[in-house]
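Trainee: Here is what each chain is made of, one letter per residue.
2 protein chains.
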Amino acid sequence: MSLKLPNKTAGSLYVLSGPSGVGKTTLRKALLKKNSGLHFSVSWTTRARRSGEKAGKDYRFVSPEQFKKQILREGFFEWARVHNDYYGTPSKPVQAWLRQKRDVLLDIDVQGAGQVKRKMPEAVSIFILPPSREELKRRLSRRRTESPQALRLRLRNAEKELADWPRFDYAVINADIHNALKALIAILQAQHFRVR
Amino acid sequence: MSLKLPNKTAGSLYVLSGPSGVGKTTLRKALLKKNSGLHFSVSWTTRARRSGEKAGKDYRFVSPEQFKKQILREGFFEWARVHNDYYGTPSKPVQAWLRQKRDVLLDIDVQGAGQVKRKMPEAVSIFILPPSREELKRRLSRRRTESPQALRLRLRNAEKELADWPRFDYAVINADIHNALKALIAILQAQHFRVR
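Residue numbers (this note's numbering), protein chains in the order written: chain A, 2 to 197; chain B, 2 to 197.
If we strip away everything but chain A, and leave its shape as in the complex, we get (with noise of 0.2 Å):
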């Protein structure tokens, strides 16, 4: 007789989360092209696109008016409303792939992991953070793709995101990008031997 652990019944689902500027989105598509098993959740945005940003791989860049149809369907498995744009995760392919045993990945907002923390306890949450605040501003500042208005918002929701870490199961520093990559990278190979 086989001892095989019981087949897994869904796959495990990772959000990645963290104020603006923590450099979320170079780690997740770093570990996007370490791991092929991985399935990355794009989420929808009312906000505009940022150079560099591609349509339908980044973000579904979407108009206000298709966002709240979506929120009255009820099709986002999470939304937020954050620096005065909408951001959300379509429910569809989160939970076909979840059904299909298969890893999705989701970066989103702090307050959208709440949201994703209390509809799926078992949901692997991750927050990223910056080796120290004034770091944290330096990069925002360096980004130079939003307004003077837009970045004083920001770092003003980022000091209110960072104080909500200690309620996420992992926190993993971002001083350098391959000592964070490698401590994501074993967050989710050891959630493969967990049990239950």
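Simulated from the structure, these hints should not be mistaken for lab results.
Please note that the accuracy of each hint is not assured.
Identical copies go unnamed one by one, so any copy, or any two together, can satisfy a pair.
Quick list of in silico lysine-lysine cross-link-like pairs, BS3-like style, CA-CA up to 30 Å [what the hints assert, rightly or not]: (1) LYS120 with LYS102; (2) LYS69 with LYS120; (3) LYS35 with LYS58; (4) LYS34 with LYS183; (5) LYS183 with LYS30; (6) LYS183 with LYS118; (7) LYS30 with LYS161; (8) LYS25 with LYS120; (9) LYS69 with LYS30; (10) LYS118 with LYS55; (11) LYS120 with LYS70; (12) LYS183 with LYS69; (13) LYS34 with LYS118; (14) LYS69 with LYS35; (15) LYS138 with LYS161; (16) LYS55 with LYS93; (17) LYS35 with LYS183; (18) LYS34 with LYS55.
From a predicted model like this one, the values you see are computed outputs, not experimental measurements.
Using the hints, position chain B against chain A.
Mentor: Same frame as chain A, but now just chain B:
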């Protein structure tokens, strides 16, 4: 202001367990070689030393009288009677290491692992599974360090112990040592980023 995660107040306690013959000792030794920050807790036992085992390094070999004295003075973190012999983890070194924020590894039987989890729910318990029941029997019979009666007893106990894996935090199938070791390393690394 620094955003470093708050200092850990104690080290992590890892409990490696599983049925006799599954390869725990080989895995434990390989893990300790790879991870110099990990402290191994040497168990006490009343069983006879097997060839190749080093007193004070693999086990502390004591008389039944010494063992019972230690039980009565509440000197064990966990102890159990397995296959007619006593095995126990002395409390003092484990508690001292954890207070010094060091990580500690126990290599103990399934009963003892249950005691540790009840005493310290934050301990990380890992069950090592054989790839099949048949393979476990082969491994146990190959050992030849024991009398036929002792072997029969171990086989019977192994059956019971195998049923316990769902109560552990992690389960790793030891089909080949290389992959099982990689799994253990990932589990230990991930733990360092665990919140709380």
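Trainee: Please go over all the hints and tell whether each is borne out by the structure.
Mentor: Right, here's what the structure says about each hint:
| no. | hint | in the structure |
| --- | --- | --- |
| 1 | LYS120 with LYS102 | within (18 Å within a copy, 35 Å between copies) |
| 2 | LYS69 with LYS120 | within (21 Å within a copy, 51 Å between copies) |
| 3 | LYS35 with LYS58 | within (17 Å within a copy, 39 Å between copies) |
| 4 | LYS34 with LYS183 | both (13 Å within a copy, 20 Å between copies) |
| 5 | LYS183 with LYS30 | both (13 Å within a copy, 24 Å between copies) |
| 6 | LYS183 with LYS118 | both (24 Å within a copy, 29 Å between copies) |
| 7 | LYS30 with LYS161 | within (25 Å within a copy, 45 Å between copies) |
| 8 | LYS25 with LYS120 | within (23 Å within a copy, 38 Å between copies) |
| 9 | LYS69 with LYS30 | within (28 Å within a copy, 58 Å between copies) |
| 10 | LYS118 with LYS55 | within (28 Å within a copy, 48 Å between copies) |
| 11 | LYS120 with LYS70 | within (21 Å within a copy, 52 Å between copies) |
| 12 | LYS183 with LYS69 | neither (38 Å within a copy, 46 Å between copies) |
| 13 | LYS34 with LYS118 | within (26 Å within a copy, 37 Å between copies) |
| 14 | LYS69 with LYS35 | neither (35 Å within a copy, 53 Å between copies) |
| 15 | LYS138 with LYS161 | within (14 Å within a copy, 57 Å between copies) |
| 16 | LYS55 with LYS93 | within (21 Å within a copy, 58 Å between copies) |
| 17 | LYS35 with LYS183 | both (10 Å within a copy, 16 Å between copies) |
| 18 | LYS34 with LYS55 | within (17 Å within a copy, 46 Å between copies) |
Hint violations for this structure: numbers 12, 14, all remaining hints satisfied.
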